[in-house]
Amino acid sequence: MATVTILPTPLDPSVCLATFPRSADDTGAVASFCGYVRGQGISALALEHYPGMTEASILRTIESASRRWPIQHAQVVHRVGELLPGDPIVWVGVSSSHRSAAFSACEFIMDYLKVSAPLWKRERDQAGQWHWVEARDRDHKRAQRWGMSEHRA
Amino acid sequence: MKVLVFAQLRELLGSNSIELPDGDCPANVAALRLLLAERLGDAFAEALADPNVFCAVDQRVVDDEHGLSPTQEIAFFPPMTGG
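Chains as they are written, first to last, in my numbering: chain A, 1 to 153; chain B, 1 to 83.
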C-alpha cells in the first residue's frame, strides 16, 4: 500500500504519524522522516510541481523500495506553494514487521525523491529577491549509493 | 501537440506550455529540442540546450532518442530540487 499527497496547505507531521495505518497483527515498526525549511539566509521558500507526474514518480520510488524491502505501507506527503523557515516540507513514513526494513526504505524513498520527483524550489533572500535553487551534487551521490538509475526509480 | 515547461523554463517562456501544430510533431526528443530552440528565441534555446534539462513523455523521463507522437504528454524541466 502506498499513499502520495502533494499538499498546498500546511503539513502537520504529528497528524501524519497519528493517522499512519498500522496492523495490530504484524506491524512491528514505523520509521518516519520529516524535513523542515532551514532559515539560513532565506525569508521564504516556494515549491512548484508537475501535477500528475510528481505523484506518479514518487509512487514508482515507493514501488522500487517495496521490491527491496518487505514494507507494509509507505506514505509521502510533500508541500508545494510558499513556505516559511521552520515549516515542515516533506513527510515520509514506512511500516514493516521489523525496524531494519522500515529504516532503510524510509531513507531510500527520501534519497530518490530528492533527485527524481519533479519538484522545484525557489528561495526568497533577505532583500526579497527570489532565486531558483540549484540541484546539489551531494543529493545525487546519496541516491547513487543505492545503486539504481535515478530516473528508473 | 502541447509541450509543458516548468520552473526556470516556464519563467523564461512567460507561459507554462507551448502549442505546436500536430503536423509539426518531430520524430524524437532531440528534434523537438531543435524545433523549439528555433521558434522560441535565444534565451529559451540556450536553456533548452542544457544537457541537464530533462524531457518527460507521458510523465516518464526519457532520453533524446525517444520517439514522439502528437498525442503524448511532453514536458521539459530543469533538475529536480524537492525534498
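Hints in this document: simulated from the structure, not taken from any laboratory. Model, not experiment: these values are computed from the prediction. Hints are not guaranteed to be accurate.
Cβ-Cβ distance ranges computed for the label pairs, FRET-style [stated by the list, open to error]:
| hint | chain 1 | residue 1 | chain 2 | residue 2 | range |
| --- | --- | --- | --- | --- | --- |
| 1 | A | T19 | B | P21 | 45 to 55 Å |
| 2 | A | V15 | B | A43 | 40 to 50 Å |
| 3 | B | D64 | A | L59 | 40 to 50 Å |
Among the chain B residues that face chain A by a calculated CB cut under 8 Å, a handful are [claimed, not checked]:
| hint | residue |
| --- | --- |
| 4 | G41 |
| 5 | P79 |
| 6 | T81 |
Negatives, chain B to chain A, calculated, CB over 12 Å [stated by the list, open to error]:
| hint | residue |
| --- | --- |
| 7 | G14 |
| 8 | P21 |
| 9 | R39 |
| 10 | A43 |
| 11 | F44 |
For glycine and all other residues, C-beta sits at the position ideal for the given N, C-alpha and C.
Verification of the hints:
A C-beta distance of roughly 49 Å is found between A/T19 and B/P21, which places it inside the suggested range of 45 to 55 Å. Separation of A/V15 from B/A43 is about 44 Å and conforms to the stated range, judged on CB atoms against 40 to 50 Å. One distance hint, 40 to 50 Å for the beta-carbon pair B/D64 and A/L59, is violated here, with the actual separation near 26 Å. At a threshold of 8 Å, the smallest CB-CB gap from B/G41 to chain A is about 19 Å, leaving the interface hint violated.
Using the Cβ-Cβ criterion of 8 Å, the hint placing B/P79 at the interface with chain A is satisfied: the shortest such distance is roughly 4 Å. Evaluation of the B/T81 hint against chain A yields a held restraint, the C-beta minimum of about 5 Å falling below 8 Å. Every beta carbon of chain A lies more than 12 Å from that of B/G14, the smallest distance being close to 15 Å; the non-interface claim holds. Every CB of chain A is more than 12 Å from the CB of B/P21 (nearest about 24 Å), matching its label as outside the interface.
Residue-level check passed: B/R39 sits 22 Å from the nearest beta carbon of chain A, beyond 12 Å. Consistency note on B/A43: stated as away from chain A, and its beta-carbon is indeed over 12 Å from all of that chain's, at 15 Å minimum. The beta carbon of B/F44 sits about 15 Å from the closest Cβ of chain A, which is more than 12 Å, so the claim that it is off the interface holds.
Comparing the model with each earlier hint shows violations of hints 3 and 4; every other hint is respected.
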